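K.L.:
Residue numbers (the UniProt record's numbering), protein chains in the order written: chain F, 1 to 724; chain E, 1 to 467.
Bear in mind the hints are in silico, worked out from the structure with no lab data behind them. Some hints could be false.
Listed next, the in silico EDC-like pairs over lysine to aspartate or glutamate satisfying Cα-Cα at most 20 angstroms (straight line) [said to hold, decoys possible]:
1) E:K316 <-> F:D51
2) E:K398 <-> F:D691
3) E:K408 <-> F:E515
4) F:K688 <-> E:E312
5) F:K631 <-> F:E515
6) F:K688 <-> E:E125
7) E:K408 <-> F:D691
8) E:K325 <-> E:E406
9) E:K321 <-> F:D51
All of these numbers come straight from a predicted model, not from anything done at the bench.
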Amino acid sequence: MSLGFCFQSSFSANPILLFAGFESIIHEFDPWFNFRATKYLVANGFYNFWDWFDDRTWHPLGRVTGGTLYPGLMVTSGVIYHALRALTIPVDIRNVCVLLAPGFSGLTAIAAYLLTNEMTPSPSAGLLAALFMGIAPGYISRSVAGSYDNEAIAIFLLVFTFYLWIKALKQGSMLWGALCALFYGYMVASWGGYAFITCLLPLHAFVLVCMGRYSTRLYVAYTTWYALGTLASMQIPFVGFLPVKTSEHMPALGIFGFLQLLAFLDYVRSAIPSRQFQTFLWLFAGAAFGLGLLGLVIATSAGFIAPWSGRFYSLFDTGYAKIHIPIIASVSEHQPTAWPAFFFDLNMLIWLFPVGVYLCFQQLADEHVFIVVYALFGSYFAGVMVRLMLTLTPVVCIAAAIAVSALLDTYLSVKSPKPEENQAVEGAEGKKAAKSGLKATNKPVVGVYTTWGKGMIVSALAVYLLLFVLHCTWVTSNAYSSPSVVLASRLPDGSQHIIDDYREAYQWLRQNTREDAKIMSWWDYGYQIGGMADRPTLVDNNTWNNTHIATVGKAMSSSEEVSYPIMRQHEVDYVLVVFGGLLGYSGDDINKFLWMVRIAEGIWPEEVSERAFFTPRGEYRVDGEATETMKNSLMYKMSYYNYNNLFPAGQAVDRMRGARLPEVGPTLSTLEEAFTSENWIIRIYKVKDLDNLGRDHSSAAAFERGHKKKKVTKKRGPRVLRVD
Amino acid sequence: MRSLFSLFLFLFAAVVSAISASGNRLLVILEDVAEKTNYSKFLGDLESRGFQISFEVPKSESLALFHLGERSYDHIILFPTKAKGLGPNLTPNILVDFMNAQGNILVALTSDLPTPTSLVSLLAELDIQLPADRTGLVVDHFHYDALSSPDMHDVLLLPPPSATTRPDVKDFFGAGAGRDDDIIAFARGVGAVLGSSELLTPVLRAPRTAYSYNPKEQSEVVDDLFAAGEQLALVSAFQARNSARFTLVGSAEMLQDKWFDAEVSKVGEKKAVKTFNREFAKRVSGWTFNEIGVLRVNWIEHHLDEAGATNESNPKIYRIKNDVKYTISLSEYSWTTWNPFTLPGDDALQLEFSMLSPFHRLPLTLDAAHSSDSASAYSVSFRLPDQHGIFNFLVNYKRPFLSNVEEKNTVSVRHMAHNEWPRSFVISGAWPWIAGLGVTVAGWLAFCALWMYSAPVGGKRESKKTQ
């Protein structure tokens, strides 16, 4: 009954907040691709989706989309869609997609309830965990309506797979192990973060073994999960043979082998006398370890096992990506987490979290070890990458729920213990306690006697819980429910003002350009252009080809003479830039520009140089003091083209960077302005065709402006003769 | 009624297309409309070929090349005018717009009058240079006409242009005129210097001994030579990327009646011969006004060239390593009819299959099965590369004097679908693994059978122990 309430509350809290402000719309960047892929799946069927070659992205390379995505999310919504149609409920696929995340957040709450119930006998802990899970901002960022992202279903699968794992481990049951493998397979089909499970479960098993807790239960659960789960994961084309080839998956394989050895040793121990077993053990362990290490080294050096990937290195050295892989470092979600983010995303849970972990230490059964291990690693990864806050949130909710329920269970009981009874119990247990090991059990049972003390604690806790709900509601409505394609701002009188430039521009593209007009933009907007404007793009958020992205970066950061041949070669028809100078919008392309330069420099160090965009004093400027390279770059010209005309002469100001712009604005000869949105956030330029009369573009443009061609009779050098 | 109307329209269109491949409205700009009598034969030839000629003077109020954004004329001839400029209706920008709208222009100059500035800056845009001070005279002390200019040497006698220098270029202007007595008289004309633009081609060059000077300033001594010899182009052709044509004739006089009929005699030869000017003028104007050298792509077809495949035409998508056949049908317009296009001797028509850069560049060969008496088809069969992506079938055939052919057909080339690979039992390398599978399965079954049908021995052992 109350679980149902939790489910309902976590489901309904979000869409209400969302629809209050905006209509049913897909958010951010990646969801637009997922939405488009889902539409393709629904329209063309599963096999066509599986073999989908997408010729409208990564022009002209195309993308083998069916083999390079995690299909779980799309297939889930496709199944829901078809199921509803089969029940004769007419539903739009868009609404299925928009509401999928809140739906799954309800399931996550249930999974959290189940997992917590495995940890503690207290019935309230599970409910609290479900409640926290439903509204914690760290998770709600991915579970609001319209956040149609892989994480939307992946977090549910993560928690549920953990629940099944604990269940399998506790019972030593092959059935639960197989179920765990099944959901693990679903998880692999849904999100690249499955590696978290792949590493955490072996780690848990390893810790248990190190604690001397090897048991046949562990053996059965782990081997069932690993064998079936690996087979399941290899069915996904994008994963393929990675589970037996890459280093990230090696721990799971290693522990699998290790458990076989342990099982064998266990058998031998039961078969031979213990003295002989001692020598046998040492010899055997040494040989196995040596052989294993040798095998690993040989396989890695021979190339059978891929070394750690760059994304993986960046998990251990936060500076690594910035130096070696700018494309990873350029994503804001891959930055190290700032400490206020923990409080912002988890609020009071963050200080309840250690209490919960401590309570787990007190009992420390196999499942509590899991929570401890999960807490440790989740915290580390959440500290390294903003995005991984998401994997930490479930364990925080569970640990905090255990802590709160322990408090409530203690202080909420109306019954006061009688001192005499207590004494009696103590007396009776005195002898027993002296024998048993742990110190904690030695102490007498302590009770709370006064009602006012109980009342104070409980009411304080209630206030905290209320504040938590307030915080969550505030964060959700302010930070996470805005779809980012629609910007909300406040007018001086406090009313809401919607800035809808993105959709205005994408709609313009949809209605005014050819069906196959290629749009060049920085990769951030690729999915949105593909989804909203339905036009082919050069690069998008699936950053599989660094060179292609660097090509776009080079075109943006070079002068027109260099960029034009690149754009011609890639058949670009329109170039789209985001400019925040008029509105003071910080997420614009000039602010991202240095990443374009860096990524281009990674491929063409001779032609693009980051240093050339800084003034001699090391400043990144856009005003009159900007370097020549900066002023001649295509990005700068496109951003500030015609911008002067908005202001009185000489008073053009970039409000984002607070810079006064030079009196004479940049000129463009190979591009012409095609569209500028209401607040100048999106500017679209058309790439000119080759000049009809064979002139270069700058002289053709000069002729158009009425400048006479300079007479070339005053040449100093030798005559240039025509040779044909 | 409606069908009758469309039939009429069709006939009308047929009549129109019998003249020029692109319309018959011709505008002639003269200093004075009365001057047209000087060119009566040239203009009469044009009229007899079906052009509707309108005459205007540059400064006329009613003169407008565009009406409501559409061209009012298809072709323009600009004869020499006295004024320094050409007025507000013939600015270089308007003339460039006219060419961008696929209008054709023929300009005739003369050394008697300075060239209007409007034309000079238009020519500068086309990469054609005229002598300084907008005037110049081409003379040749070895190839002049002994009858008309024994002193001034300013009437040049030239053989018709031949295609010997460029065997891959069709000979439009000098064909069939190999005889010695076919001589072009180039009277009192201006020579121009052509830049290195690939859109420019000289039609008639000056002889090696000719040079250009300014008769007003350099009558005593030629101190600063503008150009000499074959660098001086007397008649030059420009074809824009959209196939709009522009011809510069250095001597307007050579188009006049008097030189059509005149008899000339070379230096040292007593015999007087008739000039070739009339035929040459016909060919130059015919080329400029799209009567010859116009190529048309009738259709393009590509399809899967594999046994058992459905023969769908121009599919949007292929798979890697498909066999594909590409065919293009071309016609060439020649005065009145569309003829099959035949390649000049040393030339080749090529197909590129490209993504960013060409993966294939293949010569197209004549496909007689799809050719007719008005079109010739060229085709090639090939295997697509082992690379997926968005490719273009590209025929990029741009030759001097022939209108441009640039045909791009985009297709996607997809990867192998999951069920298009050969099955494992077809691959011989997979047999050991399949055998391994079979052995494992059989072994497991055998073990199970052995286990199930073995008599339990535990009881006996137990009893032994108790003993």
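K.L.:
Compare the structure with each hint and give your call.
P.N.:
Hint-by-hint comparison with the structure:
no., hint, result
1, E:K316 <-> F:D51, "16 angstroms, holds"
2, E:K398 <-> F:D691, "16 angstroms, holds"
3, E:K408 <-> F:E515, "16 angstroms, holds"
4, F:K688 <-> E:E312, "35 angstroms, violated"
5, F:K631 <-> F:E515, "33 angstroms, violated"
6, F:K688 <-> E:E125, "18 angstroms, holds"
7, E:K408 <-> F:D691, "18 angstroms, holds"
8, E:K325 <-> E:E406, "19 angstroms, holds"
9, E:K321 <-> F:D51, "17 angstroms, holds"
Checked against the numbered hints above, the structure breaks hints 4 and 5 and satisfies the rest.
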